[in-house]
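Chemist: Given the sequences, and given the hints that come with them, work out the whole structure.
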Amino acid sequence: MMDLTQREWVKHAVTHPIEGFEDMRWKKSGSVKIAFLIVFLLFVAQIFDGRLYGFQFGVAYDKTFNIIPYIVKSVVLFAAWVIGNWSVCTLLDGEGTVKNICIYSAYALIPYIAQLFINVLLSHVLIRDEMVFMTAIQIIGVGWSVVLLFSAIKSVHQYSFGKTVFAIILTIVAMLIMLFLLVLFMSLIQQIWIFISTIYTEISYRLRV
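Each residue of the sequence shown is one higher than the last, beginning at 0 in numbering that gives the first Met the number 0.
Derived BS3-like pairs (lysine-lysine); straight-line CA-CA distance at most 30 Å:
hint: 1; residue 1: LYS162; residue 2: LYS27
hint: 2; residue 1: LYS32; residue 2: LYS72
hint: 3; residue 1: LYS72; residue 2: LYS162
hint: 4; residue 1: LYS32; residue 2: LYS10
hint: 5; residue 1: LYS72; residue 2: LYS98
hint: 6; residue 1: LYS26; residue 2: LYS98
hint: 7; residue 1: LYS162; residue 2: LYS10
hint: 8; residue 1: LYS32; residue 2: LYS98
hint: 9; residue 1: LYS10; residue 2: LYS26
hint: 10; residue 1: LYS72; residue 2: LYS10
hint: 11; residue 1: LYS10; residue 2: LYS98
hint: 12; residue 1: LYS10; residue 2: LYS27
hint: 13; residue 1: LYS98; residue 2: LYS27
hint: 14; residue 1: LYS162; residue 2: LYS98
hint: 15; residue 1: LYS162; residue 2: LYS26
Restraint-style ranges between C-beta atoms, simulated for each label pair:
hint: 16; residue 1: THR14; residue 2: TRP192; range: 46 to 56 Å
hint: 17; residue 1: ILE193; residue 2: PHE54; range: 33 to 43 Å
hint: 18; residue 1: PHE132; residue 2: ARG50; range: 17 to 27 Å
No lab work stands behind these hints, which were simulated from the structure alone.
By construction, the Cβ of each residue, glycine as well, lies at the ideal position given by its N, Cα and C atoms.
Modeler: Encoded structure:
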């Protein structure tokens, strides 16, 4: 089996969706640093996609920049996917570790991230009548990442086709549950903060009077 550098393994995994991740598993390859870099690029790509599209496409931007939605759409969703998949696949006798799920899933996102950057660049070059090219790139990028992600989960856990589909569905359900609980937790923290702030304001007012 080939002996590649970590960067070459990334290219091999992305360009060989069927056997790429399987080869990585047998060679025990994959870099956590590269995976974190990819997630960071996903975060940057989401900002580019949300804020830097060409004006001819009529994208309306908020005057104030809020970084939280972009963190949620990148880092939080990725973390929820990794934790959800590990939790579900532990119950389904999966062989993947949190580290491997993180690495393989991050590698699978490369085509999706690439199409975000490419489309933002093209939005400053093309006109609206040529948007079909951007749509095609988006479909290819998203579809490629979906295939890679499916192959990654199948390889890391050594599942059959049907069990991989089942595991991915359960992972999405687990993600929804975790995100729902996170929203409830944040809402509770906000209510507690408002309560404490109100008490502090009232006490301060009483002391001044």
